[in-house]
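Participant: In order, the protein sequences belong to chains A and V. Residue numbers for the first sequence follow the working numbering, so the first one is 1 and each next one is one higher. Residue numbers for the second sequence follow the working numbering, so the first one is 1001 and each next one is one higher.
Watch out, some of these pointers could steer you wrong.
[Unchecked claim] Just a few of them, taken from the derived set where beta-carbon distance is under 7 Å, the chain V residues facing chain A:
#1 F1345
#2 V1346
#3 D1366
No lab work stands behind these hints: they were computed from the structure. Everything numeric in this text was worked out from a predicted model, so none of it was measured. Backbone N, C-alpha and C define an ideal beta-carbon position, used for all residues, glycine too.
Listed below are the residues making up each chain.
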Amino acid sequence: MAAQRVGDPSDAAPAGARLDLLKIRDMVTPQARVLDVGCGDGELLTLLASTRGVDGRGIELSQLGVNTAVSRGLAVIQGDADSDLANYPADSFDYVILSQTLQATRNPRLVLEDMLRIGRRVIVSFPNFGHWRIRRQILLRGRMPVTENLPYEWYDTPNIHFCSIRDFVELARKLDAVIERAEALKLNGQPVQVKAPWWFWNLFGEQAVFLLRRR
Amino acid sequence: MARKQADHPDDSLVVDFGPDQPLRLDSGLDFAPLRIAYTTAGRLNADRSNAILVCHALTGDQHVTNVHPVTGRAGWWDVMVGPGRPIDTERFFVICPNVIGSCMGSSGPASTNPTTGRPYGLDFPVVTIADMVRAQAMLLDGLGIATLFAVIGGSMGGMLVQQWAAAYPSRVFSALCIASASRHSAQNIAFHEVGRQAIMADPDWHGGQYIEAGTRPTKGLAVARMAAHITYLSEGALQRKFGRNLQDRAARTFTFDADFQIESYLRHQGLSFVDRFDANSYLYVTRAMDYFDLASDHGGSLATAFRGTATRFCIASFTSDWLFPTSDSRQIVHALNAAGARVSFVEIDTDKGHDAFLLDIPELFDIVRGFIGAASRARGIA
Chain A
1 MAAQRVGDPS
11 DAAPAGARLD
21 LLKIRDMVTP
31 QARVLDVGCG
41 DGELLTLLAS
51 TRGVDGRGIE
61 LSQLGVNTAV
71 SRGLAVIQGD
81 ADSDLANYPA
91 DSFDYVILSQ
101 TLQATRNPRL
111 VLEDMLRIGR
121 RVIVSFPNFG
131 HWRIRRQILL
141 RGRMPVTENL
151 PYEWYDTPNI
161 HFCSIRDFVE
171 LARKLDAVIE
181 RAEALKLNGQ
191 PVQVKAPWWF
201 WNLFGEQAVF
211 LLRRR
Chain V
1001 MARKQADHPD
1011 DSLVVDFGPD
1021 QPLRLDSGLD
1031 FAPLRIAYTT
1041 AGRLNADRSN
1051 AILVCHALTG
1061 DQHVTNVHPV
1071 TGRAGWWDVM
1081 VGPGRPIDTE
1091 RFFVICPNVI
1101 GSCMGSSGPA
1111 STNPTTGRPY
1121 GLDFPVVTIA
1131 DMVRAQAMLL
1141 DGLGIATLFA
1151 VIGGSMGGML
1161 VQQWAAAYPS
1171 RVFSALCIAS
1181 ASRHSAQNIA
1191 FHEVGRQAIM
1201 ADPDWHGGQY
1211 IEAGTRPTKG
1221 LAVARMAAHI
1231 TYLSEGALQR
1241 KFGRNLQDRA
1251 ARTFTFDADF
1261 QIESYLRHQG
1271 LSFVDRFDAN
1281 SYLYVTRAMD
1291 YFDLASDHGG
1301 SLATAFRGTA
1311 TRFCIASFTS
1321 DWLFPTSDSR
1331 QIVHALNAAG
1341 ARVSFVEIDT
1351 DKGHDAFLLD
1361 IPELFDIVRG
1371 FIGAASRARG
1381 IA
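Work out the full structure: start from the sequences and follow the hints.
Facilitator: This is the structure in structure tokens:
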């Protein structure tokens, strides 16, 4: 587990860094080997390389993302989490990270299984579909929710498998994974009370970050 | 033309290795004397760390950026290599050798055998991709270049890139392999065999001794090129460019003239090719590609070929390439992943087929520029 020393200059948050990425950063030990699945333009890998000295690799669907990441000096493969993870050998990374991508996979369970096989630790962050604002939109308006962090209409969204924090906890249990650490972020980016029960997280956590390992 | 270039290459540098420095071939033979023709562009820096080896494809040559002495056309990768280009000759020292077995000045079947004073013809030994790379390593030793900042190539050039990375991992800082494969597929071997049979069926081939017979199997070689050329394009691009359009006529002639534009185009491709290439070299170099199988050279496991490598890899493929489809590139990527290598991969969306690696494709330039830029920062080349 990353012991975060207060005042360590390497932990200084780069201006404008996404809060969920900083949460993930705090879960990664220095010098680790990291695979970032759905790495986009490599923002998280760059953050991890500069503040944690990690040896990072990425998988990204979009060519623009790959091009940007490669010109940043990152090793990124254009590919699809659903089909490509099967080709990675077991235990080849210290951490496999899936940041804000779980809901866009065709088979989240298989993706998570592969991640737990490839990495000794798995970090997953996702938007919580159990958040009260989403519940309110469905309840009061009777329409699929569109929020700041989920800005797509139901008919043109890349997100096909939403889950709530409680759903994810249940899936982790089915896969026999140990939840080593869990964080939920409120709308303002502040963490939900650590001592709060799951139902409270599920209602007030706008995003969640989980650190898992195999049992 | 090809015959003249074989012994006296224009606008090229040559290095000769005498009988005391034979090239050990995969077939077990020691080949000597050996000549390698090459060109360079840019300047080698003080610590000799900025050399890029560019590997040409099947019928390419050393004229990567300078005007071709036979065709008078721009170098085959003039869009990619040059001042301010993605492979920037203001920053890097580019070396491009002609592979052995070819016909533009490196030892090949059209070269004169110094012991007999006659062209080698089929007396030239069969060479492999690994033999070509070993010869290139001898050239670099001669130039005093211990490590290459990058080895770059497309198609067969990509095979040489992989062979370099597998055989000399400590000499290759980064490797860029475009539209290639770790082994030639059965379909690719089949197309090559059609080409070879076309050449050997030409009565002017004379069992490979046509130079002495004073003939050239131009018809066979042209047919070989026409068949191969189809595989370099894509169905979509052919349809877009030619469709079923007729060539300079309003109606069918009910003859076997080139009624269709595509027929006329292929005939032109075949005919212009025979001016610059030697038929026997076509046999030898296609054979080298057919024999290439990096996994089988390493106990059947491609990952083993790259085990422990510190080389930074970039693999690129094209969506419409059916000669070296993306699945071939993915095989290399999977092996490099399994070996824990530092690898990037991108599939570029284009309808231009296999030949896209030679063309002005902005996405390709972006990835090459980005990869080389990041690698040069990592290497500490200003």
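Participant: Next, verify each hint and record whether it holds.
Facilitator: Quick rundown of the hints versus the structure:
{"no.": "1", "hint": "F1345", "verdict": "holds, 4 Å"}
{"no.": "2", "hint": "V1346", "verdict": "holds, 5 Å"}
{"no.": "3", "hint": "D1366", "verdict": "holds, 5 Å"}
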